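Q: Heads up: the sequence lines are chains E and W, in that order.
Position 10 of the first sequence, counted from 1, bears residue number 9 in numbering that gives the first Met the number 0, the numbering being contiguous throughout.
Position 154 of the second sequence, counted from 1, bears residue number 153 in numbering that gives the first Met the number 0, the numbering being contiguous throughout.
Calculated from the structure, these hints are not laboratory results.
Take these hints with a grain of salt, some might be off.
The calculated BS3-like cross-link candidates involving lysine-lysine, where the alpha carbons are at most 27 angstroms apart (straight line), are [as the list claims (entries may be wrong)]:
#: 1; chain 1: W; residue 1: Lys-209; chain 2: W; residue 2: Lys-47
#: 2; chain 1: W; residue 1: Lys-141; chain 2: E; residue 2: Lys-99
#: 3; chain 1: E; residue 1: Lys-26; chain 2: E; residue 2: Lys-44
#: 4; chain 1: W; residue 1: Lys-209; chain 2: W; residue 2: Lys-141
#: 5; chain 1: W; residue 1: Lys-47; chain 2: W; residue 2: Lys-160
#: 6; chain 1: W; residue 1: Lys-141; chain 2: E; residue 2: Lys-98
#: 7; chain 1: W; residue 1: Lys-141; chain 2: W; residue 2: Lys-47
#: 8; chain 1: E; residue 1: Lys-99; chain 2: W; residue 2: Lys-47
#: 9; chain 1: W; residue 1: Lys-160; chain 2: E; residue 2: Lys-91
#: 10; chain 1: W; residue 1: Lys-141; chain 2: W; residue 2: Lys-255
#: 11; chain 1: W; residue 1: Lys-160; chain 2: W; residue 2: Lys-209
Reference listing, derived: stretches of chain W covered by chain E, where coverage requires no fewer than 3 residues with Cβ under 8 angstroms from a Cβ of chain E [unchecked claim]:
#: 12; stretch: 88-94
#: 13; stretch: 175-188
All values reported here derive from a predicted model rather than from experimental measurement.
Ideal Cβ positions, reconstructed from N, Cα and C, are used throughout, including at glycine.
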Amino acid sequence: MSTYEISRLLYGLREPGNREACRADPKAYYRRYDLSESELQLLLKPDWQGLVEAGVSIYLLTKLGATLNVDLLEVGASMRGRPREEFLRFIKEQAERNKKYAILLE
Amino acid sequence: MARVVAGLGCSHAPSIAHAYDHRLTEDPPWRPLFSAFARARQWLLEQKPDALVVIYNDHVDQYFFDAWPTFTIGVAEEYQIADEGWGPRAFPPVPGHDALARHLAARLIEDGFDLAASQRMVLDHGFLSPMPLLDQVGHEWKIPVVPMTINVVQPPLPTPKRCWALGEALARAISDFPEDRRVAVVGTGGLSHQLTGPTFGLIYPEWDRKFLQLLEETPQELTSYSIADFARLGGEHSIEVVQWIAMRAALPSDAKTDLRFYYPYGLMGYGIAGFRVL
Numbered sequence: 000m001s002t003y004e005i006s007r008l009l010y011g012l013r014e015p016g017n018r019e020a021c022r023a024d025p026k027a028y029y030r031r032y033d034l035s036e037s038e039l040q041l042l043l044k045p046d047w048q049g050l051v052e053a054g055v056s057i058y059l060l061t062k063l064g065a066t067l068n069v070d071l072l073e074v075g076a077s078m079r080g081r082p083r084e085e086f087l088r089f090i091k092e093q094a095e096r097n098k099k100y101a102i103l104l105e
Numbered sequence: 000m001a002r003v004v005a006g007l008g009c010s011h012a013p014s015i016a017h018a019y020d021h022r023l024t025e026d027p028p029w030r031p032l033f034s035a036f037a038r039a040r041q042w043l044l045e046q047k048p049d050a051l052v053v054i055y056n057d058h059v060d061q062y063f064f065d066a067w068p069t070f071t072i073g074v075a076e077e078y079q080i081a082d083e084g085w086g087p088r089a090f091p092p093v094p095g096h097d098a099l100a101r102h103l104a105a106r107l108i109e110d111g112f113d114l115a116a117s118q119r120m121v122l123d124h125g126f127l128s129p130m131p132l133l134d135q136v137g138h139e140w141k142i143p144v145v146p147m148t149i150n151v152v153q154p155p156l157p158t159p160k161r162c163w164a165l166g167e168a169l170a171r172a173i174s175d176f177p178e179d180r181r182v183a184v185v186g187t188g189g190l191s192h193q194l195t196g197p198t199f200g201l202i203y204p205e206w207d208r209k210f211l212q213l214l215e216e217t218p219q220e221l222t223s224y225s226i227a228d229f230a231r232l233g234g235e236h237s238i239e240v241v242q243w244i245a246m247r248a249a250l251p252s253d254a255k256t257d258l259r260f261y262y263p264y265g266l267m268g269y270g271i272a273g274f275r276v277l
């Protein structure tokens, strides 16, 4: 299935007025577009990883995140299927583990 | 005649813009990155460029899937700031070097690079997360730019080999510009990051270091890699490194590495490399 229509919807969120309309009534806003029932459900949840698997670009999902006030760490935790705290712990431990690779320029 | 005097590769990311806008640049985790950019800015100014050609990639802020251009060049007098969902960042429009841009567009076409010319190009974080750190003094843009994009979003994507050829053609086109101008080429993107799926947030520091080493020592070797190779080695979204490859190809092979920085933190490997043409 093409993700063109759902991509067009998300591309529209570059406009502040569209973001406001989406926040005020997400379902009504999504229904302005010719979406399948499964696409509508993915957006309503929103199921971030499901949207990726449907073929939607992360660069469009960040616009939905901005609209719904969901930050990238929350999106990441959701895509991993883990709680936010666990994901943040992973990020922190990864940074510690990778310190030895840094080449700093002070 | 104009000539390429320097090249700079660096990362771009919404996180850089966020830390800058929220005045986190002196916070311990962000300080290494922003002090490296401060050094890079000082170094870039020492090269006295009259214009910057900035090769970056758009993130569905300017271009869309109705027709996504493989390569573009901005030919406008100025460029507006994109609204990526949080409202446009508070910068004045970025001044373009439109005379150089029109010359480059024409020469590249004559040279076999059928790129699209854009008279209106809103600049998103691909351009705008690093460029204030490299060019702005106070809140004013100092050096006029020629923005160029390489598609890394809608398949089919150009090969790294083709991106290298673009950089070589760019250098030829710059050297044909009839005015005596010093031009620096900037390539932004990467390094490793993965922004989908169960490995979201995973960084690949060993590959990033190897990439930086190849870029310095045997850059043309990078043309033997495919986009799929970069995705496997550095995460799906690290394929933006093709922008660095085009930048490096615009420089002579004996360009000297003046700056080298790598900092794996948060969701990605942040890198900066500066090359001076001898």
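Q: Run every hint past the structure and note whether it holds.
A: Verification of the hints:
For the proposed pair Lys-209/W and Lys-47/W, the alpha carbon gap of about 30 angstroms is over 27 angstroms, so the pair is violated. A hinted pair counts as satisfied when its Cα atoms are at most 27 angstroms apart, and Lys-141/W with Lys-99/E does not qualify at roughly 36 angstroms. Pair hint Lys-26/E plus Lys-44/E holds up; C-alpha atoms about 11 angstroms apart against a cutoff of 27 angstroms. Between Lys-209/W and Lys-141/W the alpha-carbon distance is near 34 angstroms, which puts this suggested pair outside the 27 angstroms criterion.
A distance of roughly 30 angstroms separates the Cα atoms of Lys-47/W and Lys-160/W; the hinted pair therefore is violated under the 27 angstroms criterion. Restraint check: the Cα-Cα separation between Lys-141/W and Lys-98/E comes to about 35 angstroms, which exceeds 27 angstroms; the hinted pair is violated. Proposed proximity of Lys-141/W and Lys-47/W is supported: the alpha carbons are some 11 angstroms apart, at most 27 angstroms. Restraint check: the Cα-Cα separation between Lys-99/E and Lys-47/W comes to about 34 angstroms, which exceeds 27 angstroms; the hinted pair is violated.
Only pairs whose Cα atoms come within 27 angstroms are accepted, and Lys-160/W paired with Lys-91/E is rejected, the gap being roughly 36 angstroms. Distance restraint check for Lys-141/W and Lys-255/W: the Cα-Cα separation of roughly 25 angstroms lies within the 27 angstroms cut-off, and the hinted pair is therefore satisfied. A threshold of 27 angstroms between alpha carbons decides the hint, and for Lys-160/W with Lys-209/W the separation of about 18 angstroms falls inside it, so the pair holds. Proximity of the stretch 88-94 of chain W to chain E, defined as three or more residues with a beta carbon under 8 angstroms from a beta carbon of that chain, is not established by the 0 residues found.
Note: the stretch 175-188 of chain W has 0 residues with beta-carbon separation from chain E under 8 angstroms; the three-residue rule is not met and the coverage is violated.
Taken one by one, the earlier hints fail for this structure at numbers 1, 2, 4, 5, 6, 8, 9, 12, 13, listed in ascending order.
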